[in-house]
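Residue numbers (this note's numbering): 3 to 146.
Worth double-checking, as some hints may not be accurate.
Heads up, simulated PhoX-like pairs for lysine-lysine below, C-alpha to C-alpha not over 25 Å straight-line [said to hold, decoys possible]: (1) Lys22 x Lys146; (2) Lys62 x Lys18; (3) Lys146 x Lys63.
Just so you know, the hints here were simulated from the structure itself, not pulled from any lab data.
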Amino acid sequence: MKKKILVAYDGSDLSKKAVKEAERHVLESAETAVHVISVVKPTGPVTNANVTRQIGDELKKQYEEDMARIKKEIEADGVIVTTDVIVGEPEQNPAISITNYAEEHDMDLIIVGSRGLGNVKKLFLGSVSNNVVQHAKCPVLVIK
């Protein structure tokens, strides 16, 4: 049975390390499928849903270009990868979209980068990686 790994990618150096970690897992076990997703969070006037949707669509287009490049790089190493860009809700932590995707696709492992938020920001905002760890129904590997 194939092992499924989900990598949450946001363009940061740590998310790039997360992609490399997933590739390492594939080298250890050829029976591994890799999914790389980005969750874009549109911002804009909450009162204007149309503007928020347009911003989300534009962000999605930008990330799709990144994902196409990532897919090409990973597949050059002989790894089959599925990519997706999800437009999250403006007021929702991206971790919700990540854990929902993992559950819907029966992932065996989620790999995320640690953002390294300061203690005060983390207290008020939380971090995506912390929220993924708290809500995921499968193991989570946090890259530092």
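| query | Does the alpha-carbon distance linking lysine 146 and lysine 63 stay inside the 25 Å limit? | reply | Violated: lysine 146 and lysine 63 sit about 28 Å apart, past 25 Å.
| field | Straight-line alpha-carbon gap lysine 22 to lysine 146, limit 25 Å | value | Within the cut-off at roughly 13 Å; holds.
| request: Mind checking the alpha carbons of lysine 62 and lysine 18 for me, to see if they're no more than 25 Å apart? | output: Roughly 18 Å separates the two Cα atoms, so the pair holds.
Against the hints set out earlier in the document, a violation occurs for number 3 only.
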